[in-house]
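Asker: Spelled out, the chains give:
Protein chains: 2
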Amino acid sequence: MKYNKQDIADLDRITKLKIINSVTGIKPANLIGTISNNGETNVAVFSSVVHLGSNPPLLGFITRPQTEEVGHTIQNIKENGEYTINHIHPEFTKQAHYTSAKFDMTISEFERCGLTEEYIDDFKVPFVKESDFKMGLRFKESIPIPLNGTALIIGEIEYLLLPDTAMSNGDVDLEKTNSVGISGLNSYYEVKKMATYPYVRVNEVPEF
Amino acid sequence: MKYNKQDIADLDRITKLKIINSVTGIKPANLIGTISNNGETNVAVFSSVVHLGSNPPLLGFITRPQTEEVGHTIQNIKENGEYTINHIHPEFTKQAHYTSAKFDMTISEFERCGLTEEYIDDFKVPFVKESDFKMGLRFKESIPIPLNGTALIIGEIEYLLLPDTAMSNGDVDLEKTNSVGISGLNSYYEVKKMATYPYVRVNEVPEF
Numbered sequence: 001m002k003y004n005k006q007d008i009a010d011l012d013r014i015t016k017l018k019i020i021n022s023v024t025g026i027k028p029a030n031l032i033g034t035i036s037n038n039g040e041t042n043v044a045v046f047s048s049v050v051h052l053g054s055n056p057p058l059l060g061f062i063t064r065p066q067t068e069e070v071g072h073t074i075q076n077i078k079e080n081g082e083y084t085i086n087h088i089h090p091e092f093t094k095q096a097h098y099t100s101a102k103f104d105m106t107i108s109e110f111e112r113c114g115l116t117e118e119y120i121d122d123f124k125v126p127f128v129k130e131s132d133f134k135m136g137l138r139f140k141e142s143i144p145i146p147l148n149g150t151a152l153i154i155g156e157i158e159y160l161l162l163p164d165t166a167m168s169n170g171d172v173d174l175e176k177t178n179s180v181g182i183s184g185l186n187s188y189y190e191v192k193k194m195a196t197y198p199y200v201r202v203n204e205v206p207e208f
Numbered sequence: 001m002k003y004n005k006q007d008i009a010d011l012d013r014i015t016k017l018k019i020i021n022s023v024t025g026i027k028p029a030n031l032i033g034t035i036s037n038n039g040e041t042n043v044a045v046f047s048s049v050v051h052l053g054s055n056p057p058l059l060g061f062i063t064r065p066q067t068e069e070v071g072h073t074i075q076n077i078k079e080n081g082e083y084t085i086n087h088i089h090p091e092f093t094k095q096a097h098y099t100s101a102k103f104d105m106t107i108s109e110f111e112r113c114g115l116t117e118e119y120i121d122d123f124k125v126p127f128v129k130e131s132d133f134k135m136g137l138r139f140k141e142s143i144p145i146p147l148n149g150t151a152l153i154i155g156e157i158e159y160l161l162l163p164d165t166a167m168s169n170g171d172v173d174l175e176k177t178n179s180v181g182i183s184g185l186n187s188y189y190e191v192k193k194m195a196t197y198p199y200v201r202v203n204e205v206p207e208f
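Chains as they are written, first to last, in this note's numbering: chain A, 1 to 208; chain B, 1 to 208.
Isolated chain A (complex conformation) (with noise of 0.2 angstroms):
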């Protein structure tokens, strides 16, 4: 199937959402756990965190533009500085998808849905306890995208999970900690490592 420009265009409304949502490939399936400053918990499934840098360790994801109905996650975010990102695992895509609801900021998202609050060290924001492959961040800014309203949320890792099993000859192997994917808006994939190259370097490439 080819879709030009004026093709996409014209595209009704939910078969637009449903084939752009999912032309990237494969993405991360992750819980953000946070929390107000009244104490209010939330988390809800993202498809967007995005790595940015190592070092420092910068991690983003992209917010919707924000209405009156969503955004508890980034304003919990903007109250108190901290979140959470929780691997998806096999076992609990079903209660992570259902986070997705437009619940009133009263009700818990971890209460509602079937998961657990998992609160670790100093950190005050929760985890998601049923996920073995974890993060604690910190805030470090919101980069507005003026094209279409969203926002590139950026935070600085400062607790890291992983289950012992992750390694493999020095590589973290996502099939290992049996972490997901998502498909466009509602689609969960499991991963099946197929290969591994070297670093390349310019005299070390093969022949084609």
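If you are wondering where the hints come from, they were derived from the structure by calculation, not from laboratory data.
All figures in this text were calculated on a predicted structure; none of them were measured in a lab.
Hints are not guaranteed to be accurate.
For chains that are exact copies, the list does not tell them apart, and a pair is met inside one copy or across any two.
DSS-like, lysine-lysine: derived pairs with alpha carbons at most 25 angstroms apart [as the list claims (entries may be wrong)]:
no.: 1; residue 1: LYS193; residue 2: LYS16
no.: 2; residue 1: LYS5; residue 2: LYS140
no.: 3; residue 1: LYS94; residue 2: LYS129
no.: 4; residue 1: LYS94; residue 2: LYS5
no.: 5; residue 1: LYS140; residue 2: LYS16
no.: 6; residue 1: LYS193; residue 2: LYS140
no.: 7; residue 1: LYS16; residue 2: LYS102
no.: 8; residue 1: LYS94; residue 2: LYS192
no.: 9; residue 1: LYS2; residue 2: LYS129
Dock chain B against the given chain A, drawing on the hints supplied.
Answerer: Positioned in the frame of chain A, the structure of chain B alone reads:
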């Protein structure tokens, strides 16, 4: 394994790179094709392509801090405003991976790494013929990320080619399209569809 902020800072450079590049979870595996105004083509593997919005259809990706050695992709995009994003499939992960070598500007990774340039419609930049899920984009904006010198490069999709087998019940199925994922810097994964859930309305959330 548990790491606090200081533990992370104390990791040796390579271990830190490998771990922090993996913690987002699975990343999409794409080749970005470009051409200079002198007609020199370039193709490079990127794992940071991220959905920004569907209407207009905007995608972003993260560039490394720009130095003399890197940045042919960005240089070309800024020169002529167009680029292509092409899904990587299992048959050419090796070719795709080796595009990460820092070749001279005069060497085309297409030729050196065994990939084939393909020109479609009135796009002047090359697509990757071996990919059957690909997009042509027009550059919209480069948003600097001062925290670490990277940037978010934003483009609008003006051409989209999906394989005919892509759709499953109105959604793109990334297992059927043979799209692959990346973890860290050099591991490639197949994806296996596991579950699809409905769009979530708050009054339709099941009891957990």
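Asker: Hint by hint, say whether it matches the structure.
Answerer: Status of the hints after comparison with the structure:
1. For the homomeric pair LYS193 and LYS16, the shortest alpha-carbon distance between copies (21 angstroms) is at most 25 angstroms, but the shortest distance inside one copy (31 angstroms) is not.
2. Taking identical chains as interchangeable, the C-alpha atoms of LYS5 and LYS140 lie at most 25 angstroms apart only when they sit on different chains, with a minimum of 15 angstroms there against 36 angstroms within one chain.
3. In this homomeric assembly, LYS94 and LYS129 come within 25 angstroms of each other (Cα to Cα) only inside a single copy, at 16 angstroms, whereas the closest approach across copies is 37 angstroms.
4. Neither within a single protomer nor between protomers do LYS94 and LYS5 lie at most 25 angstroms apart by alpha-carbon distance, with minima of 35 angstroms and 32 angstroms respectively.
5. In this homomeric assembly, LYS140 and LYS16 come within 25 angstroms of each other (Cα to Cα) only across copies, at 20 angstroms, whereas the closest approach inside a single copy is 33 angstroms.
6. Neither within a single protomer nor between protomers do LYS193 and LYS140 lie at most 25 angstroms apart by alpha-carbon distance, with minima of 33 angstroms and 35 angstroms respectively.
7. For the identical chains of this complex, LYS16 and LYS102 are intra-copy neighbours only, at 22 angstroms inside a copy versus 37 angstroms across copies, given an alpha-carbon limit of 25 angstroms.
8. In this assembly of identical chains, the alpha carbons of LYS94 and LYS192 lie at most 25 angstroms apart whether taken from the same copy (20 angstroms) or from different copies (16 angstroms).
9. For a Cα distance limit of 25 angstroms, the shortest separation of LYS2 from LYS129 across copies, 15 angstroms, qualifies, whereas the shortest one inside one copy, 44 angstroms, does not.
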